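Participant: Take the two lone chains and join them into the complex the hints point to.
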Amino acid sequence: MCKASFRFVVFAVAVLAICCLPLLHAQSPELPAGPVQAKVTTACTECHESRIIMQQRLTKGAWTKEVDKMMKWGALVDPADRDSFIEYLSTNFPPDKAPEQMPRVAGAKKH
Amino acid sequence: MISRRSFLKGVSGAVAAAGAIHPLLNWAAEDAPVVLPGEDGLIVRSARFLDLEMPPEFFDSWITPVPHFFVRNHMHEPSTLDAETWELKVSGEVEKPLTLKFADLVRMEPHSVTNTLECAGNGRAFQRPQVPGVQWQKGAVGTTRFSGPRLQDILQRAGVKPTGKHVMFRGLDEVPGKVPPFIRSIPIEKASDGDTLIAMRMNGEALTRHHGFPARALVPGWIGAASCKWLSEIKVLDKEYDGNFMKPGYRMPNHPLKPGDPLNLEDTHPLTALNVKSVMVGPADDWTSHSRTIHIHGAAWAGEADIVKVEVSTDAGATWQAAQLGRDHAKYAWRLWSHNWKAPKAGDYTILSRATDSQGRIQPETAEWNPSGYLYNAFDQVEIHVQG
Numbered sequence: 180m181c182k183a184s185f186r187f188v189v190f191a192v193a194v195l196a197i198c199c200l201p202l203l204h205a206q207s208p209e210l211p212a213g214p215v216q217a218k219v220t221t222a223c224t225e226c227h228e229s230r231i232i233m234q235q236r237l238t239k240g241a242w243t244k245e246v247d248k249m250m251k252w253g254a255l256v257d258p259a260d261r262d263s264f265i266e267y268l269s270t271n272f273p274p275d276k277a278p279e280q281m282p283r284v285a286g287a288k289k290h
Numbered sequence: 029m030i031s032r033r034s035f036l037k038g039v040s041g042a043v044a045a046a047g048a049i050h051p052l053l054n055w056a057a058e059d060a061p062v063v064l065p066g067e068d069g070l071i072v073r074s075a076r077f078l079d080l081e082m083p084p085e086f087f088d089s090w091i092t093p094v095p096h097f098f099v100r101n102h103m104h105e106p107s108t109l110d111a112e113t114w115e116l117k118v119s120g121e122v123e124k125p126l127t128l129k130f131a132d133l134v135r136m137e138p139h140s141v142t143n144t145l146e147c148a149g150n151g152r153a154f155q156r157p158q159v160p161g162v163q164w165q166k167g168a169v170g171t172t173r174f175s176g177p178r179l180q181d182i183l184q185r186a187g188v189k190p191t192g193k194h195v196m197f198r199g200l201d202e203v204p205g206k207v208p209p210f211i212r213s214i215p216i217e218k219a220s221d222g223d224t225l226i227a228m229r230m231n232g233e234a235l236t237r238h239h240g241f242p243a244r245a246l247v248p249g250w251i252g253a254a255s256c257k258w259l260s261e262i263k264v265l266d267k268e269y270d271g272n273f274m275k276p277g278y279r280m281p282n283h284p285l286k287p288g289d290p291l292n293l294e295d296t297h298p299l300t301a302l303n304v305k306s307v308m309v310g311p312a313d314d315w316t317s318h319s320r321t322i323h324i325h326g327a328a329w330a331g332e333a334d335i336v337k338v339e340v341s342t343d344a345g346a347t348w349q350a351a352q353l354g355r356d357h358a359k360y361a362w363r364l365w366s367h368n369w370k371a372p373k374a375g376d377y378t379i380l381s382r383a384t385d386s387q388g389r390i391q392p393e394t395a396e397w398n399p400s401g402y403l404y405n406a407f408d409q410v411e412i413h414v415q416g
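From first to last, the protein sequence lines stand for chains B and P. Just add 179 to wherever you are in the first sequence, counting from 1, and you've got this note's numbering. Just add 28 to wherever you are in the second sequence, counting from 1, and you've got this note's numbering.
No wet-lab data here; the hints were simulated from the structure. Values in this document were obtained by computation on a predicted structure and should not be read as measured data. No residue lacks a Cβ here, since even glycine has one placed at the ideal position from N, Cα and C. Take these hints with a grain of salt, some might be off.
Claimed, not checked - For the chain P half of the interface with chain B, some residues (derived, Cβ under 7 angstroms), not all of them: (1) Pro61; (2) Val62; (3) Gly69; (4) Ile71; (5) Arg76; (6) Trp114; (7) Gln158; (8) Glu202; (9) Lys206.
Stated by the list, open to error - From the structure, some residues in chain P lie toward chain B, with a derived Cβ separation under 7 angstroms: (10) Val63; (11) Ala75; (12) Phe77; (13) Gln163.
Stated by the list, open to error - Cross-link-like lysine-lysine pairs, in silico, DSS-like; alpha carbons within 30 angstroms at most: (14) Lys239/B to Lys206/P; (15) Lys218/P to Lys263/P; (16) Lys263/P to Lys251/B; (17) Lys275/P to Lys248/B.
In isolation and in its complexed conformation, chain P is listed as follows (with noise of 0.2 angstroms):
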């Protein structure tokens, strides 16, 4: 006969043996967070397929860490990622296909980029009205320094014919049910171009799993789309990969659509390079301050073009003020601001943010809206409270 003492002596070691598999019970409660090696502080908008947002406060950081790099995964990763086995094939429109191994890769001339990546959604939880896919607010976006070899160096190397017009990347995500494959292209120019690279390193460091190891394509200043991870194939085509991830995905109207108005998908044309945009990243929105000093601050990007201006208006855009911009700066790179400025009097406020980039693109009041809510950038808004 087992006791009523036994029995408990039995389950206050569990809990005490479950406790200290202390990572394990961190999963457990709904508001508790959640651990992934590798990852830190991240917003989970999904544990499956893993999709994980970076807060507003890591923003502070001119270079984002990698454990802080958001993450977008289409699928599931692969089960399987071992560098002594892994093959890239390059193929289609070219003299000579290759297989490359990954010491390959390692033995070509490295090239570095240090970019902003953003997802073609980020910001889509602000769509009014709402589109279906992942709620990405400001985060889905963040800013690396991406090393690997040129693409134009392999392609040379296998040699494009002149009917390579496109240039084909596949990827080793595991694709579940009848979902078609994430497979993507890009016009063969930016393929060629000196700063798209077959990334292996961020920040210094090997990719991570969950950033494609062991190489991912870097298509510097475009959506996150077409950075395709854990890359296995790079076919040169001789007109745009025609499959679900470049139509109907990642498409945007031709001219500007009203919500409910049908979607001419012939009337679309590919998402390439990102808008111009700012974030404001402090004060969060309704925020008290007990001080009427405030530190209004944030940081702006605009793909392939130059950030030139940001602005800030604290009386809900009738006035706008420059704010200063941060010293670090690269192409492709975003630019981190930052903007002091004493409130008149106790009261509520509405703080907007409005980016200008080289090419003359003004970030909007409201955003261009398509049914995927798609490169959402308008003003960016909060509202504060200011008391004393």
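Isolated chain B, as found in the complex (with noise of 0.2 angstroms):
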């Protein structure tokens, strides 16, 4: 490969790398790791993205309920690993957690 085309390449990666992955993240953060972080992203993330879930703080009970709604509107879990949801998502997504910090769309006035 000759040295321009190669200098092309790499910029051509680095500008993807730099501009997508990141919007890509940002669009939907990662869930907190735990064992069906990534089960529970395929299975939420196909129809909304993670601040909805990120932004509940719910009990046991009523993450239940919210996982059982979602199964019956089509989230494809497993139905082995609905308590494994259940349990992920009421341990990391409690009544006495912080509220979840949300961003601003560009163009916010100061105060």
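Facilitator: So, in structure tokens, the structure goes:
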């Protein structure tokens, strides 16, 4: 590969890495680590972003109702994983956790 | 062989190019602002589905500029919206079903209503114990001038049969998975009110995509969910629409419930008009003032009723003083209010606000608890620290 074309490839890959990966990350922040983190991410963020989950502060009973409702509405959760989902969500997003900080749309007026 | 210098040159060029794509980079960091054309400074509760909240500093305008107006989507926005091919079907319990084009609606006599639109879940984040849903604080609310033909003129053209008792709205929202479609209905009496619109404009400009282009329902004084966006179908029914977003969604218990009490759906009613409510937007909670003179201000609204009084307490509710109501007012629109107070001495103070409306409703100390946190309207409250 000639010097110029390699430089172009480096340039293009770096542009993609700088722009696109953080973009995807910010659109859907990663859920906390845990035994079913990957499965919860796949099942839930198919329809909505992770911030919807991360802003909830619910008891185990309330999370149970949410998981059951979402499974009824088409979330692809293996029934064998249902209890693990509820455990993961109620452990990571319980009522006594501090509220989630949300970003702003650009252009916010200062106080 | 590529030298380290060539490699670094390529990367540094890429950094410069990426910097030029500034809007994309604004998505990058967790706490960096998100760029959304047409929206300005809103709090991102969710980027997908799009749910944006107005921050407190934007309550200072009686008319909310559209870029500051909250966005509430239950589903994905329609992937294609074309005014040329868009149609609005009118069917059901009518003599003459209609298919209206964008140009047909533009030709109809327009009417304007300045309306405070509030999401039924506004304030849910303050509900205790916490309840599921978008965790709105104060700003899932805004006031704009909506314009478009009256729904009653469209219904008159179609000829509602005596059996027509409710009017159903369906939008073009794209439904994921097996989620029930966002369809709701309002009683024929409200649909026939001269202020209920098929809105095509906000503040004189065509609706933006996030606010329901090309046309949305505008059911003034009622919860935001009544004002269906991206409208595609109006159907006159002989009874209330039977679907998820009418039941179990958007209902209140007929009798007060305590947290944990079972909810019997047969003992509930659909949400309609908004509650009486005031919010304080200044001073901010936990604010430290270096002056003893404090400007307390906010907004108050009451759905279909008028605000007649806003009171402020600076001693945690022991005594109340009347705030001054702003000059601007209209049926269905909020009143801005303010009160200048001089703290007697340095110290910590709890400031409360409460509103009273023309129906005699008084904003309560504690909001009526319900499992979805709808219509939260407890006294607003801030704690401040006065120095000097």
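Participant: Next step is simple, just say for each hint if it's right about the structure.
Facilitator: Outcome of the hint check:
Look at proline 61/P: its Cβ gets to within about 4 angstroms of chain B, closer than 7 angstroms, so that hint holds up. Because the smallest distance between the Cβ of valine 62/P and any Cβ of chain B comes to about 5 angstroms, under 7 angstroms, the interface hint for this residue holds. The criterion of a C-beta within 7 angstroms of any C-beta in chain B is met by glycine 69/P, whose closest approach is roughly 4 angstroms, and the hint holds. Among the interface hints, the one on isoleucine 71/P holds; its C-beta lies about 5 angstroms from the nearest C-beta in chain B, closer than the 7 angstroms criterion.
With a least beta-carbon distance of about 4 angstroms to chain B, the hint placing arginine 76/P at the interface is held under the 7 angstroms criterion. A hinted interface residue such as tryptophan 114/P counts as satisfied when its beta carbon comes closer than 7 angstroms to some beta carbon of chain B; here the least separation is about 26 angstroms, so the hint is violated. A hinted interface residue such as glutamine 158/P counts as satisfied when its beta carbon comes closer than 7 angstroms to some beta carbon of chain B; here the least separation is about 5 angstroms, so the hint holds. Checking glutamate 202/P against chain B by beta carbon gives a least distance of about 11 angstroms; that is not within 7 angstroms, so the hint is violated.
A hinted interface residue such as lysine 206/P counts as satisfied when its beta carbon comes closer than 7 angstroms to some beta carbon of chain B; here the least separation is about 4 angstroms, so the hint holds. Against a cut-off of 7 angstroms between C-beta atoms, the interface hint on valine 63/P holds, since the closest Cβ of chain B lies about 5 angstroms away. The closest approach between the C-beta of alanine 75/P and any C-beta of chain B is roughly 5 angstroms, which is under the 7 angstroms cut-off, so the hint is satisfied. Of the supplied interface hints, the one on phenylalanine 77/P holds, with its beta-carbon coming within about 6 angstroms of a beta-carbon of chain B, less than 7 angstroms.
Contact between glutamine 163/P and chain B, as hinted, is supported at the beta carbon level, the nearest pair being about 4 angstroms apart and thus within 7 angstroms. As the CA atoms of lysine 239/B and lysine 206/P are separated by approximately 24 angstroms, the hinted pair is consistent with the 30 angstroms bound. Between lysine 218/P and lysine 263/P the alpha-carbon distance is near 14 angstroms, which keeps this suggested pair within the 30 angstroms criterion. Using a Cα cut-off of 30 angstroms, the hinted pair lysine 263/P and lysine 251/B holds, with the two alpha carbons roughly 27 angstroms apart.
The hinted pair formed by lysine 275/P and lysine 248/B meets the criterion: a straight-line CA distance of about 14 angstroms does not exceed 30 angstroms.
Consistency note: the structure conflicts with the earlier hints numbered 6 and 8.
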